[in-house]
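Numbering (our numbering), first residue to last: 1 to 197.
Calculated lysine-lysine pairs in the DSSO-like style (CA-CA distance at most 27 Å, straight line):
1) Lys30 x Lys111
2) Lys171 x Lys161
3) Lys48 x Lys77
4) Lys161 x Lys128
5) Lys65 x Lys111
6) Lys67 x Lys48
7) Lys77 x Lys30
8) Lys171 x Lys30
9) Lys77 x Lys97
10) Lys97 x Lys190
11) Lys97 x Lys171
12) Lys190 x Lys176
13) Lys97 x Lys176
14) Lys111 x Lys161
15) Lys176 x Lys161
16) Lys97 x Lys111
17) Lys30 x Lys65
18) Lys111 x Lys190
19) Lys111 x Lys67
20) Lys97 x Lys161
21) Lys111 x Lys77
22) Lys193 x Lys161
23) Lys128 x Lys171
24) Lys30 x Lys48
25) Lys48 x Lys65
What the hints contain is simulated information worked out from the structure, not anything from laboratory work.
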Amino acid sequence: MTHHIYHTEGFVLSGESVGEANKYFSIFTKDFGMIGATAQGVRLLKSKLRYSLQDYSYSRISLVKGKYIWRIVGAIKENDLRRSLNGSRDKFELLAKTFALLLRLVRGEEKNEILFSHVSSACEFLEKENLDESLLRNCEYLLIMRILHSLGYMAESADFKEFLSSAVWTKDFVSKMSPLGRDAVLQINKALKETQL
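Take these sequences, add in the hints, and give me the full structure.
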(Lines of atoms letter the chains of each structure in order from A; the text may use other names.)
(Lines give C-alpha, C1' and ligand atoms only; values in the text may rest on other atoms or scores of the structure.)
Protein backbone atom coordinates (compact mmCIF):
# COMPACT_ATOMS: atom_id res chain seq x y z
CA MET A 1 0.00 0.00 0.00
CA THR A 2 1.44 3.38 -0.97
CA HIS A 3 1.15 6.33 1.36
CA HIS A 4 0.68 9.92 0.28
CA ILE A 5 3.76 12.02 1.00
CA TYR A 6 3.10 15.50 2.35
CA HIS A 7 5.65 18.28 1.94
CA THR A 8 5.97 21.28 4.23
CA GLU A 9 8.55 23.41 5.98
CA GLY A 10 8.91 24.21 9.62
CA PHE A 11 10.86 24.90 12.78
CA VAL A 12 12.24 21.89 14.64
CA LEU A 13 11.38 22.89 18.20
CA SER A 14 12.60 19.78 20.01
CA GLY A 15 13.60 16.18 19.53
CA GLU A 16 13.47 13.31 22.03
CA SER A 17 15.23 9.97 21.74
CA VAL A 18 12.99 6.93 21.31
CA GLY A 19 14.51 3.47 21.52
CA GLU A 20 18.03 2.92 20.25
CA ALA A 21 18.08 4.98 17.08
CA ASN A 22 14.75 6.77 16.60
CA LYS A 23 13.57 10.23 17.62
CA TYR A 24 10.27 11.96 18.21
CA PHE A 25 10.14 15.57 17.03
CA SER A 26 7.88 18.51 17.80
CA ILE A 27 7.79 20.64 14.66
CA PHE A 28 5.90 23.88 14.07
CA THR A 29 5.00 23.64 10.39
CA LYS A 30 3.75 26.12 7.84
CA ASP A 31 0.97 23.88 6.53
CA PHE A 32 -0.14 21.72 9.47
CA GLY A 33 0.59 23.76 12.58
CA MET A 34 2.22 21.88 15.45
CA ILE A 35 2.91 18.24 14.70
CA GLY A 36 4.59 15.36 16.46
CA ALA A 37 6.57 13.13 14.11
CA THR A 38 8.97 10.23 14.35
CA ALA A 39 12.09 9.57 12.30
CA GLN A 40 13.43 6.04 12.09
CA GLY A 41 17.16 5.51 12.61
CA VAL A 42 17.84 9.24 12.75
CA ARG A 43 20.38 8.88 15.56
CA LEU A 44 22.58 6.54 13.53
CA LEU A 45 25.75 8.13 12.13
CA LYS A 46 24.82 6.98 8.62
CA SER A 47 21.37 8.64 8.75
CA LYS A 48 20.77 11.21 6.01
CA LEU A 49 18.13 12.91 8.18
CA ARG A 50 20.40 13.35 11.20
CA TYR A 51 21.63 16.89 10.46
CA SER A 52 18.41 18.18 8.92
CA LEU A 53 16.38 17.64 12.08
CA GLN A 54 18.52 19.18 14.79
CA ASP A 55 16.79 21.39 17.35
CA TYR A 56 16.49 25.02 16.17
CA SER A 57 16.67 24.04 12.51
CA TYR A 58 14.36 25.38 9.84
CA SER A 59 13.84 22.52 7.39
CA ARG A 60 11.84 21.33 4.41
CA ILE A 61 10.19 18.11 5.53
CA SER A 62 8.50 15.20 3.76
CA LEU A 63 5.99 13.29 5.87
CA VAL A 64 3.70 10.29 5.77
CA LYS A 65 0.61 10.39 7.98
CA GLY A 66 0.22 7.23 10.02
CA LYS A 67 -2.81 6.15 11.98
CA TYR A 68 -1.70 7.99 15.11
CA ILE A 69 1.45 9.87 14.21
CA TRP A 70 3.40 11.46 11.38
CA ARG A 71 6.55 9.76 10.07
CA ILE A 72 9.37 11.81 8.58
CA VAL A 73 10.64 10.29 5.34
CA GLY A 74 12.80 13.16 4.13
CA ALA A 75 14.24 16.46 5.33
CA ILE A 76 16.53 19.18 4.04
CA LYS A 77 17.85 21.79 6.44
CA GLU A 78 17.36 25.31 5.10
CA ASN A 79 18.75 27.16 8.10
CA ASP A 80 20.49 26.40 11.37
CA LEU A 81 19.10 29.18 13.55
CA ARG A 82 21.79 28.68 16.19
CA ARG A 83 24.48 29.51 13.66
CA SER A 84 22.59 32.21 11.80
CA LEU A 85 22.26 34.27 15.00
CA ASN A 86 26.04 34.79 14.81
CA GLY A 87 26.78 33.42 18.26
CA SER A 88 24.59 35.94 20.06
CA ARG A 89 23.66 34.31 23.34
CA ASP A 90 20.92 36.87 24.02
CA LYS A 91 19.28 36.30 20.64
CA PHE A 92 19.49 32.55 21.10
CA GLU A 93 17.87 32.81 24.54
CA LEU A 94 15.00 34.76 22.97
CA LEU A 95 14.63 32.08 20.30
CA ALA A 96 14.67 29.32 22.94
CA LYS A 97 11.97 31.12 24.98
CA THR A 98 9.88 31.56 21.84
CA PHE A 99 10.10 27.87 20.91
CA ALA A 100 9.26 26.85 24.50
CA LEU A 101 6.22 29.16 24.39
CA LEU A 102 5.06 27.62 21.10
CA LEU A 103 5.39 24.12 22.60
CA ARG A 104 3.35 25.25 25.58
CA LEU A 105 0.57 27.12 23.77
CA VAL A 106 0.08 25.61 20.31
CA ARG A 107 -2.25 22.63 20.60
CA GLY A 108 -3.16 20.19 17.87
CA GLU A 109 -2.62 20.21 14.16
CA GLU A 110 -4.12 23.36 12.75
CA LYS A 111 -2.62 25.62 10.12
CA ASN A 112 -1.99 29.13 11.44
CA GLU A 113 -0.41 31.21 8.68
CA ILE A 114 -0.39 34.42 10.72
CA LEU A 115 1.43 32.83 13.65
CA PHE A 116 3.90 31.08 11.36
CA SER A 117 4.58 34.36 9.58
CA HIS A 118 5.17 36.20 12.88
CA VAL A 119 7.71 33.60 14.02
CA SER A 120 9.46 33.44 10.62
CA SER A 121 9.67 37.23 10.31
CA ALA A 122 11.00 37.59 13.85
CA CYS A 123 13.71 35.00 13.16
CA GLU A 124 14.75 36.85 9.99
CA PHE A 125 14.85 40.13 11.93
CA LEU A 126 17.01 38.60 14.66
CA GLU A 127 19.38 37.15 12.06
CA LYS A 128 20.03 40.33 10.10
CA GLU A 129 19.91 43.13 12.69
CA ASN A 130 22.36 44.14 15.39
CA LEU A 131 20.21 44.78 18.45
CA ASP A 132 21.13 46.41 21.72
CA GLU A 133 19.64 45.21 25.00
CA SER A 134 16.66 47.56 24.80
CA LEU A 135 15.72 46.61 21.23
CA LEU A 136 16.10 42.92 21.99
CA ARG A 137 13.79 43.28 25.00
CA ASN A 138 11.25 45.13 22.84
CA CYS A 139 11.55 42.41 20.22
CA GLU A 140 10.74 39.81 22.87
CA TYR A 141 7.66 41.73 24.05
CA LEU A 142 6.45 42.25 20.49
CA LEU A 143 6.91 38.63 19.44
CA ILE A 144 5.26 37.18 22.55
CA MET A 145 2.32 39.56 22.21
CA ARG A 146 1.88 38.67 18.54
CA ILE A 147 2.00 34.96 19.38
CA LEU A 148 -0.60 35.35 22.13
CA HIS A 149 -2.80 37.55 19.94
CA SER A 150 -2.70 35.20 16.94
CA LEU A 151 -3.69 32.29 19.20
CA GLY A 152 -6.62 34.27 20.62
CA TYR A 153 -5.14 34.71 24.10
CA MET A 154 -4.69 38.48 23.92
CA ALA A 155 -7.22 41.12 22.89
CA GLU A 156 -6.19 44.05 20.71
CA SER A 157 -6.14 46.91 23.22
CA ALA A 158 -5.88 50.54 22.08
CA ASP A 159 -2.30 50.91 23.38
CA PHE A 160 -1.04 47.91 21.43
CA LYS A 161 -3.29 47.93 18.35
CA GLU A 162 -0.50 49.30 16.15
CA PHE A 163 1.79 46.44 17.18
CA LEU A 164 -0.74 43.60 17.02
CA SER A 165 -2.41 44.55 13.75
CA SER A 166 0.94 44.87 11.99
CA ALA A 167 3.53 42.36 10.83
CA VAL A 168 6.34 44.93 10.59
CA TRP A 169 9.81 44.09 11.92
CA THR A 170 12.15 47.07 11.67
CA LYS A 171 14.37 48.69 14.28
CA ASP A 172 12.33 51.89 14.18
CA PHE A 173 9.07 50.04 14.66
CA VAL A 174 10.40 47.81 17.45
CA SER A 175 11.84 50.85 19.27
CA LYS A 176 8.31 52.28 19.55
CA MET A 177 7.62 49.59 22.15
CA SER A 178 10.09 51.16 24.64
CA PRO A 179 7.67 53.49 26.49
CA LEU A 180 5.10 50.67 26.68
CA GLY A 181 7.42 48.01 28.07
CA ARG A 182 5.95 47.91 31.56
CA ASP A 183 2.38 47.67 30.24
CA ALA A 184 3.48 45.02 27.74
CA VAL A 185 4.81 42.84 30.56
CA LEU A 186 1.55 43.22 32.50
CA GLN A 187 -0.53 42.32 29.43
CA ILE A 188 1.69 39.33 28.62
CA ASN A 189 1.61 37.99 32.18
CA LYS A 190 -2.16 38.42 32.36
CA ALA A 191 -2.67 36.59 29.06
CA LEU A 192 -0.31 33.76 30.03
CA LYS A 193 -2.10 33.32 33.35
CA GLU A 194 -5.46 33.15 31.60
CA THR A 195 -4.28 30.43 29.20
CA GLN A 196 -4.00 28.08 32.21
CA LEU A 197 -1.38 26.14 30.26
